[in-house]
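Visitor: This is what each chain is made of:
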Amino acid sequence: MRHVLPRLAGLRPKRILYPCLATIGVAIYLFPIYWMLISGFKNSAEIFANPPTFVPRDPNLEAFEFVFVHENIARYLRNSLIIAIPVMALTLILGSMGAYAMSRIRSRIVDFALIVVLMLQVFPDALVATPVFIVFQTLGILNTFLAVILATTSKLLAFALVILRPMFRQVPLELEEASFVDGCSQFQAFLRIALPIMRVPLLVVGAIVFVQAYGQFVYPLTLMNQQSLQPGTVGIYGFVGSEHADWHRVMAFSSIYVLPILVLFLLLQKKIVAGLTAGALK
Amino acid sequence: MSLRKLLLGAIAAIGLTATAALAEPKTVTLWHIYNFESDMIHYGIKAFNESQSEYRIEPRLVPYTNINPELIKAIATGTPPDLTVINDPVVASFSSQGQLTDLTDRIAKSKIINLDVYYKGPLASSQWKGRRYSVAREVNALALYYNADMFRAKGLDPDKPPKTWSEVVAAAEKLRDPAKGVYGIGFCAHSSEQAVFQWLPFLWQAGGSIDKLDQPEATQALQLWVDLVQKGLASRDVINQQQREVTSTFIAGGSAMAVGGPWELPNLQKDAKFDWRVAVLPVKDDKNIKASSLGGFHFAIPKGAKEVDGAFKVIEFMSNATLFNEGWKAGLLAPRSDIELKDPQWPQAYGVFHEQIKTAIQRGPHPQWPDLSRPIQIAIQEALTGTKPANVALQEAAKKIQPILAKTPL
Amino acid sequence: MARTRSPLLYVFLAVPVAYLLAFIGFPIVFNVTMSFQEVTIGNLAMFFRPFVGLDNYREVIADPTFRKVLINSLIFVFANVVGQISIGLCVALFFAENFAGAHYLRGLLLSAWMLPGLVVGALWKWMYATDYGVANYVLAKLRIVNGPVHWLSDPAMGLTAVNIAHIWYIMPFSMILIAAGLTTIPQEQYEAAALDGAGAVRRFRHVTLPALSPTLLAVACLVTIYSMRAFDMIVSLTHGGPLDSTNVLPLLSYQFSFEQFQFGVGAAIGTFAFILVIVVALVYVRTLNKEVSL
Numbered sequence: 000m001r002h003v004l005p006r007l008a009g010l011r012p013k014r015i016l017y018p019c020l021a022t023i024g025v026a027i028y029l030f031p032i033y034w035m036l037i038s039g040f041k042n043s044a045e046i047f048a049n050p051p052t053f054v055p056r057d058p059n060l061e062a063f064e065f066v067f068v069h070e071n072i073a074r075y076l077r078n079s080l081i082i083a084i085p086v087m088a089l090t091l092i093l094g095s096m097g098a099y100a101m102s103r104i105r106s107r108i109v110d111f112a113l114i115v116v117l118m119l120q121v122f123p124d125a126l127v128a129t130p131v132f133i134v135f136q137t138l139g140i141l142n143t144f145l146a147v148i149l150a151t152t153s154k155l156l157a158f159a160l161v162i163l164r165p166m167f168r169q170v171p172l173e174l175e176e177a178s179f180v181d182g183c184s185q186f187q188a189f190l191r192i193a194l195p196i197m198r199v200p201l202l203v204v205g206a207i208v209f210v211q212a213y214g215q216f217v218y219p220l221t222l223m224n225q226q227s228l229q230p231g232t233v234g235i236y237g238f239v240g241s242e243h244a245d246w247h248r249v250m251a252f253s254s255i256y257v258l259p260i261l262v263l264f265l266l267l268q269k270k271i272v273a274g275l276t277a278g279a280l281k
Numbered sequence: 000m001s002l003r004k005l006l007l008g009a010i011a012a013i014g015l016t017a018t019a020a021l022a023e024p025k026t027v028t029l030w031h032i033y034n035f036e037s038d039m040i041h042y043g044i045k046a047f048n049e050s051q052s053e054y055r056i057e058p059r060l061v062p063y064t065n066i067n068p069e070l071i072k073a074i075a076t077g078t079p080p081d082l083t084v085i086n087d088p089v090v091a092s093f094s095s096q097g098q099l100t101d102l103t104d105r106i107a108k109s110k111i112i113n114l115d116v117y118y119k120g121p122l123a124s125s126q127w128k129g130r131r132y133s134v135a136r137e138v139n140a141l142a143l144y145y146n147a148d149m150f151r152a153k154g155l156d157p158d159k160p161p162k163t164w165s166e167v168v169a170a171a172e173k174l175r176d177p178a179k180g181v182y183g184i185g186f187c188a189h190s191s192e193q194a195v196f197q198w199l200p201f202l203w204q205a206g207g208s209i210d211k212l213d214q215p216e217a218t219q220a221l222q223l224w225v226d227l228v229q230k231g232l233a234s235r236d237v238i239n240q241q242q243r244e245v246t247s248t249f250i251a252g253g254s255a256m257a258v259g260g261p262w263e264l265p266n267l268q269k270d271a272k273f274d275w276r277v278a279v280l281p282v283k284d285d286k287n288i289k290a291s292s293l294g295g296f297h298f299a300i301p302k303g304a305k306e307v308d309g310a311f312k313v314i315e316f317m318s319n320a321t322l323f324n325e326g327w328k329a330g331l332l333a334p335r336s337d338i339e340l341k342d343p344q345w346p347q348a349y350g351v352f353h354e355q356i357k358t359a360i361q362r363g364p365h366p367q368w369p370d371l372s373r374p375i376q377i378a379i380q381e382a383l384t385g386t387k388p389a390n391v392a393l394q395e396a397a398k399k400i401q402p403i404l405a406k407t408p409l
Numbered sequence: 000m001a002r003t004r005s006p007l008l009y010v011f012l013a014v015p016v017a018y019l020l021a022f023i024g025f026p027i028v029f030n031v032t033m034s035f036q037e038v039t040i041g042n043l044a045m046f047f048r049p050f051v052g053l054d055n056y057r058e059v060i061a062d063p064t065f066r067k068v069l070i071n072s073l074i075f076v077f078a079n080v081v082g083q084i085s086i087g088l089c090v091a092l093f094f095a096e097n098f099a100g101a102h103y104l105r106g107l108l109l110s111a112w113m114l115p116g117l118v119v120g121a122l123w124k125w126m127y128a129t130d131y132g133v134a135n136y137v138l139a140k141l142r143i144v145n146g147p148v149h150w151l152s153d154p155a156m157g158l159t160a161v162n163i164a165h166i167w168y169i170m171p172f173s174m175i176l177i178a179a180g181l182t183t184i185p186q187e188q189y190e191a192a193a194l195d196g197a198g199a200v201r202r203f204r205h206v207t208l209p210a211l212s213p214t215l216l217a218v219a220c221l222v223t224i225y226s227m228r229a230f231d232m233i234v235s236l237t238h239g240g241p242l243d244s245t246n247v248l249p250l251l252s253y254q255f256s257f258e259q260f261q262f263g264v265g266a267a268i269g270t271f272a273f274i275l276v277i278v279v280a281l282v283y284v285r286t287l288n289k290e291v292s293l
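Residue numbers (numbering that gives the first Met the number 0), protein chains in the order written: chain A, 0 to 281; chain B, 0 to 409; chain C, 0 to 293.
Hints were generated in silico from the structure; no laboratory data involved.
Remember, it's a predicted structure, so these values are computed and weren't measured experimentally.
Cβ coordinates follow ideal geometry from the N, Cα and C atoms, glycine included.
Check each hint, because a few of them may be wrong.
[Unchecked claim] Here are a few chain C residues that face chain A, going by a calculated C-beta distance under 8 Å:
| # | residue |
| --- | --- |
| 1 | S5 |
| 2 | A111 |
| 3 | C220 |
[To be verified] Facing chain B, a subset of chain C residues (Cβ under 8 Å, in silico):
| # | residue |
| --- | --- |
| 4 | A17 |
| 5 | F35 |
| 6 | T39 |
| 7 | L43 |
| 8 | F47 |
| 9 | Y131 |
| 10 | A134 |
| 11 | P154 |
| 12 | G240 |
| 13 | P241 |
| 14 | Q259 |
Same shape as in the complex, but just chain A (with noise of 0.2 Å):
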């Protein structure tokens, strides 16, 4: 008896214990979102109801078929899509490019470039739209999608340089000098080696640099005054008035909204995982 327990104990926690805590305390964690959820489904009276009511007293579908039918929620998504890939594609090649760089060159001046970095990263959207406007104005590409994209990215990058800087650091400098021994350049030894053991970092930056986009708000506003071309963010924001704001309206709205990408980032765990057995990282 004494030998099996703690065999068990060693045992337990992985199969049943962890799965059932983890469970436990991401329900409890997203219980906001259930919240977002469900008010969806109830009218703006039960919303501000006391006690609040757990489950919709009278549940009505009224706030989600309004979403769908009124609000052109298809064109929304496909701004939004049309916004978010581009911007995740050209952050990640942009991004790797200078993380790359910034983890080989020893120099000051990779200390000064993040310092520029990271300094233009702080004034929020709202502060710094007007001079952002200007610029695209003067290269004549308002009301356009590569507008929104080009902005959009230049708030991403930064992210995307910190994160993978240190991650290309991870990259053994041995394999890569062993490519040089057999005459690989430089960029190919970035190409062949480096980029593919960086498959799972660069592939949580871009899905989170894809959400971001997914999610911005005051360039497409800014930016880009047609109605349709504007992404679901914006959709969103327009429920809230001056003296209302439909609230159940604005929850349903942005559940749908989150839910491709959320099953998009479900589906990604899974890459990630096989990512991970097919050992792209040693």
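Since the structure of chain A is already known, use the hints to place chains B and C on it.
Guide: Frame of chain A, contents of chains B and C only:
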């Protein structure tokens, strides 16, 4: 000549005749904030576009949270819409800086817009230094909503809503029911313009004004709110509730009375499962001054707009009587006194708000209205949180406000 | 080193930096310039405006609200860095145990961070409501509190409430980055440590932490900057109230610019935040260099 060229020629010819018969309509871009489907703007846009073929409104919904920054940016960079809606207290901020097109002469020539019939409040908001920069789209005023069922349950007469401050306090004391989570009254003291909008009626009822915040009248007005909160007749959360949350709480049965505007009527209709009514705001017992705050949005043509003629046509169209009938469906009142709805929805509320609007006073106009408003917001919050006594908080506000008013009087 | 670094690396470095300078260099210069000028709605888009020297800064410093808000911002950033990294690290390590469903549950956590700030603010505002809020309801049912907590209507409580909500909102983001950092630690190091008989705690201290510290540092730096410009959620949660107890620099700057139309003052406040971030960036880079020399 090839068949293709012939075809192209034919198409071109047809195109030409078509253009001659029906000129391509000129676009009038209109920025608005109304996602609420019952707002009259949607009806107005549709009706305007169908009524003529010279102009076509291209609307854009700008989320309310961002309409001012967007407008400022657009005007500054020379890319404004042809027409926009703008909140009444900021009209002066824009017009005093020359950011809106002067409409004085156009209005004078207009056969449709007759300023004589407009209420004084919206007229005051729309002018700066004798020139007129906007036309009121609709007006609203604050009144007192009350839950008649709760009145009956507590032995109050729902046909005799409180008429004076002391009656309001007395009713709130009776109506309050902590066991059921019911407060006597709700009002908005949110840290924004909304708090000022809701408090000013009480200031005016007490005989005060914002240039005399250091006088006892102002203190009495603020003390009324402080007492309501400290006695537990109103929730302490009023300092963090926006107006819509105050009425949502009322609709959900969390308070028996609430200070609110007519824009809430569609929500009440939809969600309030009790006998609700509206009363004009109370008066201060010894003063008997009727007053309410005036709100609403105006139409204005930003500086640099390309289609000014078309935009003004839209303003004229939106100022016709039928449209104002539509307005009431979203709880918005006509900005002019000559319009009486014959068979209005919510007749009881219509009567009250129609009455209330006559005593409603605009904020400003003052180009620095936001600078005047902020010290008041701070004073309200200081007093309600008990950080400072009402009179001290207001004296400090007065010190900040008076120099601004000394330079540019109201 | 076997080979001198190729010039290509410098090109790689220059491209993203040039990109950033091109698109946000000007806006920053624009804002800083504005802080020395008299800016009105009328001259907002011009570059040359009446120069007022340090007047805007004097006004900012003289404003008691600013001092309060500066302190709020520092507390907010500090709480977020500490809260997000410590909780994020624990959660990431826990999920790194690779039990059944770990990856999906970890992915689910991220849904919090995917929401628009407006929605998160509104949700927490409801949950925090003194009377109809879930927070007080649950706390009272569990008998943790006696009377209701005035989460958002007590100036002494407001910032704590905002901190909790914001850490909740952004922590999954920090967590996923830390988790990604964990995957880059070579498994052999753990095996070697295990062979040496190191227990879980020692493995964490001697393998995980050193290998992870560059990532943690990077996350700390990002969280600092992101918290420094946190805006949307706070606007919708409290709008800075009650009594500016939850106001932070970006919000104050916005309020001056677009609610008071004092753009110069707003820009000056922005510049203060800017200087703070330069300090943070310097500290970050310094610490990085120390790591390299170790």
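Visitor: Please flag the earlier hints that this structure goes against, numbers listed from lowest up.
Guide: 4, 5, 8 and 10
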